[in-house]
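**Student:** Here is what each chain is made of, one letter per residue.
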Amino acid sequence: MSAETLSRHDRQSATTRAVRSILASRETAIVLVILAIIAVATAMNQSFLFSGQGWRDLLLTPSILMVMAVGSAVVIITRNVDLSVGSTLAITAYMSGRLFVDLPGTPIIVVVLLGILVGAVLGLINGALVAFGKVPALVVTLGTMYIYRGAVLTWAGSDRINASDMPREFLGLGTMQIVSIPLLTIVAVLVLIVAGYWLASTRSGREMYAIGSDPEAAKLYGLPTTKRVITAFILGGALAGLAGVMYAARYGTVSASAGLGWEFQAIGAAVIGGVAIFGGSGSVWGAAFGAILLMTINRTLPIVGIPDFWQRAVVGALIIGAIVLDRYLSVRRHRKLQEARDKA
Amino acid sequence: MSLSDSTPVLELAGVRKTFGSVTALADGSITVYPGSIHALVGENGAGKSTLIKIVAGLHRRDSGIFRFRGADAAFSSTAEAKNAGIAVIYQEPTLFPDLSVTENIFMGRQPRSRGGRIDKQAMQDEAAEIFARLGVNLDLNRPADGLSIADQQIIEIAKAISLDAHLLIMDEPTAALSGVEVERLFAVARSLRDEGRGIVFISHRFDEIFSLCDTITVMRDGSYVATTPTAETSNDELVTMMVGREVADLYPKTQAEVGEVVLAVENLKSAGTFADISFTVRAGEIVGLAGLVGAGRSEIVRAIFGVDSYDSGSVALNGSPVPKGQPSAAIRAGMALVPEDRRQQGLVVDASLARNIGAAIRRRLSRFGLITTSAENRAAGPWAGRLEVKTSALSMNAATMSGGNQQKVAIAKWLATDPSLLIIDEPTRGIDVGTKAEVHRLLSQLAGEGMAILMISSELPEVMGMADRILVVGEGRISAELDREEATAEKVMHAATARHEKNRQEAAA
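Line by line, the protein sequences are chains R and Z. The first sequence begins at 1 in our numbering and counts up one residue at a time. The second sequence begins at 1001 in our numbering and counts up one residue at a time.
This is chain R alone, in the form it adopts within the complex:
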């Protein structure tokens, strides 16, 4: 076979493949499910979509979880996991409020940057323990989840930051809209676009997938695995830190129990969005769509008249369903590829 026919054959199948892969991708499927849910909810209650409040909540509610899910997705892609991001969120959310109380007049941008920085440092601690201590991420971050939460409990006690403690401009950011799109949503989408570009189109981003796909092979390839894993944790922590600041601005009240259980929602969103729990595949886009799906379902179920208990059960069912679907698809793919090989 000559080089020309080979490449022409490749190009042809590349186009069909691109179309097919978009149609068959997890991201597309989730967007369709989200649209279907919105359609049902709107049919039952017009104001779910067609009211200023409804439209705003639709976009605003998932924003914070989206930011956290993007971070979790990057960590999971490297075959690790970070359970401490909910506690990190609590620390930076409370810290934001504290800064306004103790140092009145602190510029908002300083608060935002400090939140990201503190989150990054907490992530670095996780990453260093995992990469240098060779301790499984599940164990390390389970420990730091309690330690970070303990730190914020000690710091805050039963104290809570109220809306009246924080400047009006800061709280305004939480609900501000630019051309009817909430600012926090814009932030989340920007984070998503940058992270998505990085993972898909740069060497370091692709190496994240390689490390998660086969850590031993990554070492034999000579990839800087230690550095990359630490980077993933720093990024996950920094995004959780940012999410904490967003949390303070959005809700106005922060107690030591802020973001309790959010780490699992973030991981759940990533898994539902097609990020393989053992690393190596998936995208931050899927994770972000997974976050939107989770939050939208949570808001829709009461409208449909499903009691509170079942709302949690539905989330659980979605996660299990996503994993079973993944497993089924990968077994099928594996078998297909092998059959094709045996025929050849």
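Hints in this document: simulated from the structure, not taken from any laboratory. Be careful, since some hints might not be right.
[To be verified] Calculated pairs, DSSO-like style, for lysine-lysine (alpha carbon to alpha carbon, straight line, at most 27 Å):
id	chain 1	residue 1	chain 2	residue 2
1	R	K227	R	K134
2	Z	K1436	Z	K1253
3	R	K336	Z	K1269
4	R	K219	Z	K1120
5	R	K219	Z	K1053
6	Z	K1491	R	K227
7	R	K219	R	K134
8	Z	K1053	R	K134
9	Z	K1253	Z	K1491
10	R	K227	Z	K1053
A quick note: this is a predicted structure, and the numbers were derived from the prediction, not measured.
With chain R held as given, fit chain Z onto it using these hints.
**Tutor:** Chain Z alone, transformed into the frame defined by chain R:
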């Protein structure tokens, strides 16, 4: 090429590497010239892998000369060796299953356009170009998952080409390939040679070595033996160089009285792994399964013991059939299997000696479902004493024992079940010489007491020294059955590489 052809691309002389008290490589020497395919041969444990790992940057040598393209070299990581221009293709390719074929080739070295963005088109084009040159038609965008070993090796080779490697090392690349695939690999290797690259080719198959390589270096016991042009040597001469050593008192084999048939295997078959396996083992007899690594020996005993299932055939122990795929049934029937990898499969290394020995007879030890430490110690005591396991107390952790003692504990664990057939896979791998003799004495003693023993060993002297009968397995089939008296190292090696002999005869006819 900027360097003249007379400068060796790789030069090792007197390279030494020890791990603790074990000398893995005593005198590693090889000189590879550009435009040459150089075979490196030797028995298992001759030090080939250690030598390769030093060149690849996985190990650092203790002493000796290591020059790459005329300059002294000491790589401390695989990345360094790779950047210098050394590509290694391992027996088991190491790819990223989730990533595409193209990404697997270029991972870590993707062509970039401005701003650090990966130039996917350039990457795709370059991959297509390499594949066109190799004459393979592989979908560039499919994931590496599910590719045959042959195709995975093609990716490894494409990687080496894209690296523009000066030295390509292939560690038993053909072990899992079919005939057509081997031919394709050889065609690629020859074209790389013609471009002036140096190639090191490790293989156990003599036919491949003779048809592909121009020079052969033989190693034995961690040391260099000889280097010879392929044209000036023969199959027999190579075998003699590889195995030529004395079989000393390491093998205290005593003649035992051979009794009834204990194990009868008939027409055992597992598609793609082994076929037509029929043999018997009698009471008091030690039967050795010889052959090359990957010939299917371990798979055969795993099937007999019920760890793996098989397609057709039958296994009978003491006259009654053993159901397939049920290790627990095999144990009840009176079989015991001491696996090759003690640490992973044979022992609970974090548990005490007594607990390990008691593990296989847990049910018998338990009272009302509970097992007490004293019951374990009572049961373990006589066995540990008999095996001369040198540990101060039965409570010592298996992890802290020497390899020899671990092996004895692994054997003791099974002896406690009072088996009529003992299957033992590589009984003395990684064990020092002194303990080796003890393990051998034990096996001989057990046979003397009427136990039937089936022993897999890749060490020729061990098989010849210990077995009453030798079954040689080649490519999933029993290619020869030799009695103790008629067996010679040469005969066993010839049978293990029988395919080669057949090919030669056909070529001559």
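**Student:** Evaluate each hint against the coordinates.
**Tutor:** Going down the list of hints, with the structure as the test:
A hinted pair counts as satisfied when its Cα atoms are at most 27 Å apart, and K227/R with K134/R qualifies at roughly 13 Å. A threshold of 27 Å between alpha carbons decides the hint, and for K1436/Z with K1253/Z the separation of about 13 Å falls inside it, so the pair holds. The straight-line distance between the Cα atoms of K336/R and K1269/Z is roughly 25 Å, inside the 27 Å bound, and the hint therefore holds. Taken as a hint, the K219/R and K1120/Z pair is honoured in the structure, with Cα atoms around 24 Å apart against an allowance of 27 Å.
Taking the CA atoms of K219/R and K1053/Z, the gap is about 14 Å. The hint holds against a cut of 27 Å. Between K1491/Z and K227/R the CA atoms are separated by roughly 54 Å; this puts the pair beyond 27 Å, and the hint is violated. For the suggested pair K219/R and K134/R, the alpha carbons sit about 14 Å apart, so the restraint of at most 27 Å is met. For the hint linking K1053/Z to K134/R, the alpha-carbon distance of about 24 Å falls within 27 Å, and the restraint holds.
This hinted pair checks out: K1253/Z and K1491/Z have alpha carbons roughly 21 Å apart, not beyond 27 Å. Distance hint between K227/R and K1053/Z is fulfilled; the C-alpha atoms sit about 24 Å from each other, no more than 27 Å.
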